[in-house]
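2 protein chains.
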Amino acid sequence: MTKSILTFGFFFFSLAAISQVRDEGAIKQIFDEALSKGKSYEMLTDLCVNIGPRLSGSPGAAASVEWSRHVMEGFGFDSVWLQPVLVPHWVRGTKEIGRINSKKRGTVEVNVCSLGGSVSTGPAGIAAGIVEVKNFDELKLLGTKGVQGKIVFFNRAMDPTKLNTFAAYGGAVDQRGNGSSEAAKYGAVAVLVRSMGSNLEDYPHTGNMRYAPNVTKIPALAISTRHAELVSKLLKDEKDLQFYMENHSVTLEDAPSFNVVGEIKGSEFPNEIIVVGGHLDSWDLGQGAHDDGAGCVQSIEVLRLFNAIGYKPKRTIRAVMFMNEENGLRGGNAYAELAAKNKEQHIAAIESDRGGFVPRGFTVPTEEKAKAKVRSWKPLLEPYGLSDFSEEGGGADIGPLASQGVALLGFLPDSQRYFNYHHSAEDTIDKVDKRELELGAASMAAMVYLIDKYGLK
Amino acid sequence: MTKSILTFGFFFFSLAAISQVRDEGAIKQIFDEALSKGKSYEMLTDLCVNIGPRLSGSPGAAASVEWSRHVMEGFGFDSVWLQPVLVPHWVRGTKEIGRINSKKRGTVEVNVCSLGGSVSTGPAGIAAGIVEVKNFDELKLLGTKGVQGKIVFFNRAMDPTKLNTFAAYGGAVDQRGNGSSEAAKYGAVAVLVRSMGSNLEDYPHTGNMRYAPNVTKIPALAISTRHAELVSKLLKDEKDLQFYMENHSVTLEDAPSFNVVGEIKGSEFPNEIIVVGGHLDSWDLGQGAHDDGAGCVQSIEVLRLFNAIGYKPKRTIRAVMFMNEENGLRGGNAYAELAAKNKEQHIAAIESDRGGFVPRGFTVPTEEKAKAKVRSWKPLLEPYGLSDFSEEGGGADIGPLASQGVALLGFLPDSQRYFNYHHSAEDTIDKVDKRELELGAASMAAMVYLIDKYGLK
Chain A
1 MTKSILTFGF FFFSLAAISQ VRDEGAIKQI FDEALSKGKS YEMLTDLCVN IGPRLSGSPG
61 AAASVEWSRH VMEGFGFDSV WLQPVLVPHW VRGTKEIGRI NSKKRGTVEV NVCSLGGSVS
121 TGPAGIAAGI VEVKNFDELK LLGTKGVQGK IVFFNRAMDP TKLNTFAAYG GAVDQRGNGS
181 SEAAKYGAVA VLVRSMGSNL EDYPHTGNMR YAPNVTKIPA LAISTRHAEL VSKLLKDEKD
241 LQFYMENHSV TLEDAPSFNV VGEIKGSEFP NEIIVVGGHL DSWDLGQGAH DDGAGCVQSI
301 EVLRLFNAIG YKPKRTIRAV MFMNEENGLR GGNAYAELAA KNKEQHIAAI ESDRGGFVPR
361 GFTVPTEEKA KAKVRSWKPL LEPYGLSDFS EEGGGADIGP LASQGVALLG FLPDSQRYFN
421 YHHSAEDTID KVDKRELELG AASMAAMVYL IDKYGLK
Chain B
1 MTKSILTFGF FFFSLAAISQ VRDEGAIKQI FDEALSKGKS YEMLTDLCVN IGPRLSGSPG
61 AAASVEWSRH VMEGFGFDSV WLQPVLVPHW VRGTKEIGRI NSKKRGTVEV NVCSLGGSVS
121 TGPAGIAAGI VEVKNFDELK LLGTKGVQGK IVFFNRAMDP TKLNTFAAYG GAVDQRGNGS
181 SEAAKYGAVA VLVRSMGSNL EDYPHTGNMR YAPNVTKIPA LAISTRHAEL VSKLLKDEKD
241 LQFYMENHSV TLEDAPSFNV VGEIKGSEFP NEIIVVGGHL DSWDLGQGAH DDGAGCVQSI
301 EVLRLFNAIG YKPKRTIRAV MFMNEENGLR GGNAYAELAA KNKEQHIAAI ESDRGGFVPR
361 GFTVPTEEKA KAKVRSWKPL LEPYGLSDFS EEGGGADIGP LASQGVALLG FLPDSQRYFN
421 YHHSAEDTID KVDKRELELG AASMAAMVYL IDKYGLK
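Protein sequences appear in the order of chains A and B. If you read the first sequence in our numbering, its first letter stands for residue 1, the second for the next number, and so on. If you read the second sequence in our numbering, its first letter stands for residue 1, the second for the next number, and so on.
Looking at chain A on its own, in the form it has when it is part of the complex (with noise of 0.2 Å):
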C-alpha cells in the first residue's frame, strides 16, 4: 500500500517534471526560431517603410488591412478575414502653426500639432493672449473672468520620478483629452497642451482629444516640450504674452474599414478561441512603428512561429489587427459585439500596445484563479527577462472582451523610451531594436503556449 502510494506519487512528480522539461525545450524552440529566424522586424519595416502612417479613413489605413490580410496568407494561416467596421475619418489638413508674438522678444514661431479630432481655428487662425495653468483646479481659480477670450496653455509635465512611463502618462494625459472642453467652459477661443513626452524635445505628440456635449468646439493644439518651456519661460517675464495659432483639421463622414483577423484552428478544441492583437491603425505624424506596428507584427508572428516549429495548438489562436484604436476604439468594439453575436468562446486575449521594446513581463488578468495560473508559470518565463506579473488588466481593444468571461493579459516590454516616440512624427522604424521585437513576439508566443496546453480555469 505505502509503496503504491510511494509509486503513484512518484509517477505524479515524474509526469509534472517531464511536462515542466516538454515546457521548457518548447519555449526555447520559440525563442530561438524568433532570435534566429524572426520576421517581425522584416514585417515591421515594410509596414513603416511602404505604407507608413495609417489614421483610420486613411488611405494608408486602407492599405495596411490588405498589407496584414496578403501576409498572412502568405504564411499560410488556416484562415484569414476582413470584419467591417466604420471608422471616423479626421484629417489633419495642412502642417499647423504656433508663434509667440512677445513684445520683448518678437515674434517665435514654435514646433505644434492639431490633437486628434480638433476643429480647425479656420484659415485667419486665432490671436489672443494665453494664460498658463497646470491643471483644471487651477483653470477654475482663474474662472471666467482669467480665461475668456485667451488661449489656455496647459503645461504639466509627465512626473519624470514615476518608474513606469505609462503612469506618468497617465497622471498627465487628462490635459490632452479633456483640455480643450474644460478651458471652453469659462471662454477660452483654444487650448495649447504640453505635449505628452518624457523628455525635452522639439516634436510635439498628437493623440486624441474629446469634446464634451454641449460646449463650445474650440482648437486643441499640442506643443514640443521644449518649447512648451519657452512659452512657460517667457510668460514669467510678460504677462500679456500673445500666441498665434493656426490650423487646419476636418472631420469628415465615417468611413468603411476593417479589422484584419489570422487563425490557427485548434485541435482539440476548436471552439476555444486564445486572440493575440495589436492594433492596424497609427497617427498620422510618424510611421506607426512602436504604436503599433509593433503590437500587429509580433501578433502575426506569434502564429507563424508556431507553424515553423512544429507546435500544432490544441485551441485555436487568433492574430487580430484592429483598427481605430487611437481615436474611437471601433474594431475593439465591434470584434467583441461580433464574437457576441457569433456565441464564440473566448478563454483568453493578448494584447501589445506598449510598443517593441525589450520584454519585461505581462499583465495578468483580474480573475483570481487565471490570475495565480499565469503567475505560475514565472519560473518558465524569468530565463527570458519576464519578471514582472504585478500589474493587472489587458488594453484597450482586447478591454470589450472582458464582459464574456475573457481572461485578459498584456504584453509588457520596458517603458523607457515608449513616450520619446509616441504619437509624434519620431516613431519610425529606426527607433525599434530588431531583438527586442523578436523577442517580444516569442514572449508572447510563449504565453500562448501555456494558455493553449494549460488553459486558465
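Among the hints, a few may not be true.
Copies of one chain are not kept apart here, so a pair can be met inside one copy or by any two copies together.
In silico EDC-like cross-links for lysine to aspartate or glutamate, where the CA-CA straight-line distance does not exceed 20 Å [said to hold, decoys possible]:
#1 Lys39 / Asp159
#2 Lys95 / Glu426
#3 Lys185 / Asp78
#4 Lys28 / Asp174
#5 Lys162 / Glu391
#6 Lys217 / Glu253
#7 Lys236 / Glu337
#8 Lys312 / Glu42
#9 Lys373 / Glu426
#10 Lys145 / Asp388
#11 Lys162 / Glu24
#12 Lys233 / Asp388
#13 Lys378 / Asp388
#14 Lys37 / Asp159
#15 Lys39 / Glu229
#16 Lys431 / Asp202
#17 Lys233 / Glu337
#18 Lys28 / Asp159
#19 Lys457 / Glu337
#20 Lys431 / Glu201
Quick caveat, the hints were computed from the structure, so don't treat them as lab data.
Got chain A; can you put chain B on it based on the hints?
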C-alpha cells in the same frame, strides 16, 4: 524573562523595519533626483559631442582627462586627482579599403576597418585569394596547403539565440583576438574577420587583437556583417575569388596618460574605499557613447547624487575614470598597483562597462558572504527593475583589484542593443536614452549606498 525576550525581539524587529523604511526612502530619493535632475545625459552629450573618440594616446583621450577633472571639480567633490599611466598608442591612419575582385561580378567595395593593434598592409595593399573558415579547427584542417599566401576570412556569427549578447560575443570574439596569429601559422598573408555585431549591418566593428609571440604579424581587418554574408555567398560560387585590402595603421611609442579619480571622503571609515568606475578611453570610430562614456558619467553621477540628496557616506566613495581598457588595461592595472603600494583598503568596486541601457541587475562578488549580502538587497532594488543578480564577477578595469580581496560587482544593463553599436561608428550619443542612462546611475548609487551603509562582511 519571556516578556523581556519578546520586548527585546520586538525591539530588533522594529529597528530592522525602520531601517528598511529608511533604505527605501533613501533609494527613492536617489532615483527621484536622477530621473528629475540627473546630469548623466548632459555630461555624456558634452563628452561625446565636444570631445568624441578618445583612443589611448590620442588628443581626444588627453582632452577627456582634462574634461573629467574639470567636471568633477565643478561638482565640488572633496578631491579630484590624476594618476599617471603610460599607454599604448596605436593609430588607424587613413580609411581602409576592402574590395572583392570577382571574375563573375567585377569589383565590389566592402566596408572594412583595421582591428586595433593591427599592422599595416603597406601602401601597396594586399591582393590575394580568400578562404573562409568558421573557427580554428576548420583553419587547422585546411592547413598550410589551403591557407598559404591567402587571406583567411573568419566568418562565424555571434549566436543570435543567446539571450545575453555578451555570451554570444564571448563565443565569437576569439576570431578577432587571435585570428591573425592562428592564420599566420599556416602562412596566411592577412585576415578578414566578420564584425562582432548582433545583426546584419553595413558598418564594421573594430576592437582589439593580439599578436602571439614568434608569429609573423599579418594585417587584420573587420568586415561589416552584411558584407561578410556577401563575401561568403560569392565564395560559394567562385572558389578563387580575389580580395584586396589596404590599411595604414601604425603603432607609435607608448604615450603618457592618466586615470582620473574623484572622491568623497567617508565620515566614519574614511580609510575604507568603495570604487565606482568606467573607462575613459574609447575606440576611434564613434563617440564612445555606450562604450564607455556611459560608465564614466554614471560613476561621476553616483557621487553627485549623494551630494545632491545630502547623503554623507560613512566610507570613502571614489569615481574612477580608467584609461586604456580597450587596448591594454594599463589604467586598471596601474590603479590596483597604486592601491597596493599605498596600502589602501578597498572594500568594493563596481564597474559600469556594458552600456547606458535600462538597468536589469548587478553581477555579484564571488566570495560567498559578500554575494549573499548583495543578493539579500534584491527586495529593495527590484522595484527599480533590478532583478538579475545571477552572474558573478566584476569587470575588466576592476579585475586587477581582485587579488587584494576586493569585492567586485558589475552594473548590469539590458544587453540587447549593446552589440549594435559596440566599437563601431554608430556608438554615438543619439543611441543613448536619457532615462535609461540616468536609471543606471541611480542603480549604481543605490548599490553603493547599501554597501556603504552595511558593508559586505
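Results of checking the hints against the structure:
In this assembly of identical chains, Lys39 and Asp159 lie within 20 Å of each other by CA distance solely across copies; the values are 17 Å between and 36 Å within a copy. For a Cα distance limit of 20 Å, the shortest separation of Lys95 from Glu426 inside one copy, 16 Å, qualifies, whereas the shortest one across copies, 33 Å, does not. In this assembly of identical chains, Lys185 and Asp78 lie within 20 Å of each other by CA distance neither inside one copy nor across copies; the values are 54 Å within and 57 Å between. Taking identical chains as interchangeable, the C-alpha atoms of Lys28 and Asp174 are never at most 20 Å apart, the minima being 42 Å within one chain and 26 Å between chains.
In this assembly of identical chains, the alpha carbons of Lys162 and Glu391 lie at most 20 Å apart only when taken from the same copy (15 Å versus 28 Å across copies). Taking identical chains as interchangeable, the C-alpha atoms of Lys217 and Glu253 lie at most 20 Å apart only when both belong to the same chain, with a minimum of 18 Å there against 74 Å between chains. In this assembly of identical chains, the alpha carbons of Lys236 and Glu337 never lie at most 20 Å apart, being 52 Å within a copy and 56 Å across copies at closest. Neither within a single protomer nor between protomers do Lys312 and Glu42 lie at most 20 Å apart by alpha-carbon distance, with minima of 24 Å and 52 Å respectively.
For the homomeric pair Lys373 and Glu426, neither the shortest alpha-carbon distance inside one copy (39 Å) nor that between copies (44 Å) is at most 20 Å. Proximity of Lys145 to Asp388 under the C-alpha cut-off of 20 Å is found in neither arrangement, the shortest distances being 49 Å within a copy and 56 Å between copies. Proximity of Lys162 to Glu24 under the C-alpha cut-off of 20 Å is restricted to the inter-copy arrangement: shortest distance 15 Å between copies versus 35 Å within a copy. In this assembly of identical chains, the alpha carbons of Lys233 and Asp388 never lie at most 20 Å apart, being 40 Å within a copy and 43 Å across copies at closest.
For the identical chains of this complex, Lys378 and Asp388 are neighbours both inside a copy (9 Å) and across copies (14 Å), given an alpha-carbon limit of 20 Å. For a Cα distance limit of 20 Å, the shortest separation of Lys37 from Asp159 across copies, 12 Å, qualifies, whereas the shortest one inside one copy, 39 Å, does not. With identical chains, the CA atoms of Lys39 and Glu229 are at most 20 Å apart between copies only, with a shortest distance of 19 Å across copies and 42 Å within one. Taking the shortest Cα distances, Lys431 and Asp202 sit within 20 Å of each other both inside one copy (17 Å) and across copies (17 Å).
Proximity of Lys233 and Glu337 under a CA criterion of 20 Å is satisfied in neither setting, with 50 Å inside one chain copy and 52 Å between copies. In this homomeric assembly, Lys28 and Asp159 come within 20 Å of each other (Cα to Cα) only across copies, at 14 Å, whereas the closest approach inside a single copy is 38 Å. Taking the shortest Cα distances, Lys457 and Glu337 never come within 20 Å of each other, neither inside one copy (24 Å) nor across copies (63 Å). With identical chains, the CA atoms of Lys431 and Glu201 are at most 20 Å apart both within one copy (15 Å) and between copies (15 Å).
Checked against the numbered hints given earlier, this structure breaks hints 3, 4, 7, 8, 9, 10, 12, 17, 19; the rest are met.
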